[in-house]
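Residue numbers (the working numbering), protein chains in the order written: chain A, 1429 to 1794; chain B, 1429 to 1794.
Misleading hints may appear alongside valid ones.
The calculated DSSO-like cross-link candidates involving lysine-lysine, where the alpha carbons are at most 27 Å apart (straight line), are [stated by the list, open to error]:
#, chain 1, residue 1, chain 2, residue 2
1, A, K1519, B, K1507
2, B, K1507, A, K1754
3, B, K1610, B, K1563
For the record, the hints were derived by calculation from the structure and aren't laboratory data.
Because the structure is a prediction, the values reported are computed rather than measured.
There are 2 protein chains.
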Amino acid sequence: MRFSCQQKTLVNSINIVQKAVSSKTTLPILKGIYLEVFNSHLKLVATDLEIGIEHVLEVNTYEEGSVVIDARLFSEIIKKLPDAEVEIALKEDNHLYIKCENSEFNIISHNPEDFPELPTIEEEYSYEITEDLFKNMIKQTVFATSHDESRPVLTGVLMEIEEDTLNMVALDGYRLALRKGKIQGPIDNKVIIPAKTLSEINRIISEEENIHITLTENHGLFTIGNTKLISRLLEGEFINYKQILPKEYKSKIKVKTKSLLDSIERASLLAREGKNNLVKFVVDENRLNITSNSELGKVQEDVYIDLEGEAIEIAFNSKYFIDALKIVEDEEVYLEFTTNLSPGILKPVSNDNYTYLILPVRLSAD
Amino acid sequence: MRFSCQQKTLVNSINIVQKAVSSKTTLPILKGIYLEVFNSHLKLVATDLEIGIEHVLEVNTYEEGSVVIDARLFSEIIKKLPDAEVEIALKEDNHLYIKCENSEFNIISHNPEDFPELPTIEEEYSYEITEDLFKNMIKQTVFATSHDESRPVLTGVLMEIEEDTLNMVALDGYRLALRKGKIQGPIDNKVIIPAKTLSEINRIISEEENIHITLTENHGLFTIGNTKLISRLLEGEFINYKQILPKEYKSKIKVKTKSLLDSIERASLLAREGKNNLVKFVVDENRLNITSNSELGKVQEDVYIDLEGEAIEIAFNSKYFIDALKIVEDEEVYLEFTTNLSPGILKPVSNDNYTYLILPVRLSAD
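When you get a sec, could you build the whole thing from the sequences and use the hints?
See below:
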């Protein structure tokens, strides 16, 4: 195996696959990156057996072959090399020779036959979605997944394809995020993608290309330019989220996103010292009064609003509001409430692509 | 106590004093910032009993008085307030009232009489040095202090004033950094300043003013604009560093700082896996060959040099070289060697303000 390419190009390729390298593993080979030289190309592969990332780039090839090299050491060496042509070759005794200007490394490598093969997925039928949109949909849902491993389906995001619409849904028992977007593809479908997979996809997405998604019974394949990310799907039935979303409301508030976020963040400075990060909303004609108190003191905030419907008093865990207000990109949002024991809804004013549901906290009689 | 000022101004002032707030303390009052309103000014004070920082700013004052408020909570609240006028007042029950636009906080405060007074220091005689120079002198020495608390003097930097020259010296038993600079002041002096104090001073320095330094038997007072930093001095006798510095050399190398740094950093990628971060230098006519190896593999680097004097083979802990090469601002440095068992010297080519000594590692016969 022998090839050469520019140092910066190789750094970029290593960065793409490196996140799939297993950090905690009892299989040492998974700490490596698989390199394969074939037909003017270099393929890099890394996997932790849950997610696999494969990236192909053009290089100058002198001899085909493959090798597995420790990911951390390889990455550190290539990153520290000068911005110039790097030559890499497999030498006797399985040493990987790396040369760039006046630097020469000889590093112990591993047997490429020990590296696990990624599942083979036929790409005959695939969905297509724009990168920008998919990135945004991931950002607006993935934060609402659960970290509780005892209910695995909630640690992922539901991808529900109905005709030309993709619904992405995440929920953790306290809040639910639903983002709708356009998708092109062959048939309706419903899968649960692990949150980690989606976060990795968001990290890789950078160019202005479409993403192709292929779904099998157990795997999802995401093709982004020269990179393929293959992930296991989560098994199990997702909660029937449509049943949870309220159909009507008694109070509808229009408020500036930034003002609301700032006020809740300030109120939560005291709230977090108590339990539940409790902040209390008192909604009146054109005023949302937010209060919070703990043994350290108390705070009150007034936010200007437009109210349609009834006045209401309701309390929330401030964290769940802050999470959503940070990822909404619209300048104004609607809040919809029915009673102080039923879920509140947050929606952008400018479109109906996004719905965020949040459970209230019961107020003690005071 | 009642005053008002702009939110941004107050954030800036809190940032200056907050680093002196004690993070680990059995005295709760030391987790606070002392605020005092007097005569159109606000004074903020924080101390961990080793270092005290006092900062004064002009504010609109309505009522004189003082208070102590939890530093973390106060800082977080003020930072989150809008960029507008903030009003702060002490109310009944020792609650501190904070108002800014539509936000109102009432926070429990502490008794200002419990806050320790900073030592009083007469500023009659003081040294004067430019901020830029002092900042640079700190940066080029403080990293070489020891972290070993069993030899307290080595955890500080020697400030030795001889006529109009300040020598700052740090050493940890493996290397020594000596930086010379101009200072104005009344008499010769010799004190040891804790490394933490100097790091705090470097953090505070930002404007184009001179620093005034007043030294007493036990304390150093550093006046930087409206900020005073008072620090305990370290007790004990500093090592006679002049005796350690070699008077001559047998090999003198001129080399580009960046090339040498890059090569040693690459070599150390393998070196650090072994013990001592060992890198070996082989100096020849116009070539410095750097090698390192461990069970993971081996590396060799060639760096172009000008050599005056004898060829030599010598080995070092790469960390100590990297630390120094990172803070030297000159494009080229000299390395001076005598034998492979005696200290090496690193100096900038363009001036003789800086001398860095580094002990070699004995090479096993191989």
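Results for each hint:
{"no.": "1", "hint": "A:K1519 / B:K1507", "in the structure": "violated, 58 Å"}
{"no.": "2", "hint": "B:K1507 / A:K1754", "in the structure": "holds, 18 Å"}
{"no.": "3", "hint": "B:K1610 / B:K1563", "in the structure": "holds, 13 Å"}
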